[in-house]
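Asks: Input sequences plus hints: build the corresponding full structure.
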Amino acid sequence: MEIKVLGTGCTKCKTLEDITRKAVEEKGVDATVEKVEDIMQIMTYGVMTTPALVIDGKVAIKGRVPSIDEIKDLL
Amino acid sequence: MEQKKKFRLIATIAIVLPAMVALYTYLQPLVNYFTYQLLPLKQETHLGEAINFFFYDTIKIVILLFLISSLMGLVNAYFPVERLRVFLTTKKMFGLQYFFASFFGAVTPFCSCSSIPLFIGFVQGGIPLGVTFAYLITSPLVNEVAVAMFLGLFGWKATLIYAGSGILLGMIGGYILGKFKLDKYLSDWVKQIQQNSQMEANQWDNEKTPFIDRLPAIIADGWGIVKKVLLYVIIGIAIGAAMHGYVPEDFFTEYLSEDKWYAIPLAVILAVPMYANAAGIVPVIQVFVAKGVPLGTAIAFMMAVVGLSLPEATLIKKVMQWKLIGIFFGTITIFIIILGYLFNWII
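Residue numbers (the numbering used here), protein chains in the order written: chain U, 1 to 75; chain H, 76 to 422.
Hint data in this document are derived by calculation from the structure and do not stem from the laboratory.
Note that this is a predicted model, so its numbers are computed, not measured.
This list has only true hints and no planted wrong ones.
Output of the computed footprint for chain H on chain U, the stretches with three or more beta carbons under 8 Å from beta carbons of chain H:
id, stretch
1, 35-44
2, 47-59
Straight-line alpha carbon distances no greater than 20 Å define the calculated SDA-like cross-link-like pairs of lysine to any residue that follow:
id, chain 1, residue 1, chain 2, residue 2
3, H, Lys80, U, Ile68
4, U, Lys12, H, Trp298
5, H, Lys135, H, Leu98
6, U, Lys62, U, Thr44
7, U, Lys14, U, Pro66
8, H, Lys335, H, Trp420
9, U, Lys14, U, Ile61
10, U, Lys12, H, Leu390
11, U, Lys58, U, Val33
12, U, Lys72, H, Glu77
13, H, Lys302, U, Gly63
14, U, Lys58, U, Tyr45
15, H, Lys302, H, Thr133
16, U, Lys12, H, Gly299
17, H, Lys302, U, Thr15
18, H, Lys80, U, Asp69
19, U, Lys14, H, Leu390
20, U, Lys12, U, Lys62
21, H, Lys266, U, Ile39
22, H, Lys392, U, Glu37
23, U, Lys62, H, Leu290
24, U, Lys62, H, Phe154
25, H, Lys303, U, Gly9
26, H, Lys302, U, Pro66
27, U, Lys12, H, Leu306
28, U, Lys12, H, Asp296
29, H, Lys335, H, Gly367
30, U, Lys22, U, Glu34
31, U, Lys14, U, Ile39
Positions of the beta carbon are idealized from the N, C-alpha and C atoms, including for glycine.
Replies: Written out as structure tokens, the structure is:
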């Protein structure tokens with residue numbers, strides 16, 4: 001699975017990256033987590049509010065930091 | 076959500092909400108009891124009054140901030156920016172679009188790192204630059220933190236004036252900037268996006284989660300905002316409380332009183348290099364006003380502090396050429412100054 005965390009580098013985006021990594025680890029799924037900070041790349045996903053979570057090319061969450069359980073459910 | 080969890084959630088809200096309202100209503104006597112009975116402090120001393128003021132304001136503002144953030148979270152859950160974009164592009168609105176853009180700038184929680192994606196998103200959707208500016212101007216000026224602080228420290232009339240003028244500023248500023256045909260001063264890659272913009276008819280995917288299931292996340296977000304700014308609130312109020320007790324009356328009036336015509340431009344210019352958030356600045360502003368500075372001058376100062384910041388300018392650099400940033404900031408500065416005069420004249 002390919003997971004991308006979109007965010008320009010504010011604290012919320014970092015939090016999302018951290019809990020995503022934690023969720024992946026705790027659930028033991030085989031996935032790569034990548035942080036996308038480049039604004040032009042972020043815009044290609046059509047996201048207007050950061051942070052956002054993209055799983056396998058699909059935007060799953062945008063504009064907020066979800067709970068760790070919610071991410072686990074998404075995986 | 077399971078039935079049991081649902082029940083627990085409703086029960087919690089049914090208990091906590093009235094408790095908060097009660098605490099808010101009887102806060103002054105409670106804080107008085109705490110500072111003058113439980114703590115060995117005397118009423119009518121500087122220290123006693125400063126500490127009383129500090130506890131009273133901090134608790135009051137935390138309650139307001141939490142309630143307002145949750146309320147705005149609710150609005151956002153049902154009317155996210157994506158929906159606003161569709162709304163603005165698909166309906167003919169005869170100028171009202173400036174109001175809607177500005178109004179939603181006010182109710183959406185603002186994070187400076189979100190401003191660029193939002194800007195691009197609007198441009199991508201084919202929304203005119205002027206309308207985009209209306210959103211961009213109001214968004215940092217009026218937000219849940221500023222509203223809660225104003226409500227707590229100045230009362231609802233000043234809050235209405237503040238929020239109303241922030242929205243008005245966005246509308247007029249956006250409209251005028253839109254008339255200037257400034258699209259050529261966008262960064263090249265943004266221009267490209269603009270040319271390829273398409274009117275997305277209805278790409279807004281409706282999350283079909285029922286209200287009750289969304290509530291916990293909204294409340295958690297509201298509380299998250301409180302936690303994030305709490306430190307600034309405490310520092311701001313502590314400075315305010317200290318100044319209240321020790322700075323002499325009409326200390327500021329000498330420089331910033333109404334009969335000095337240059338007071339407002341001076342306040343605005345002093346404010347630009349300051350980078351503070353609303354949480355930290357409002358308590359200090361309140362002391363200014365208590366010490367004789369007119370409210371219009373104070374509001375102008377506050378708007379300049381939160382609305383015109385250098386870090387924001389460097390962020391915006393990614394999407395605009397320097398010339399456009401200059402025009403953007405210049406226009407807002409002039410309007411803030413005009414608003415300041417207007418208030419001092421009205422009030």
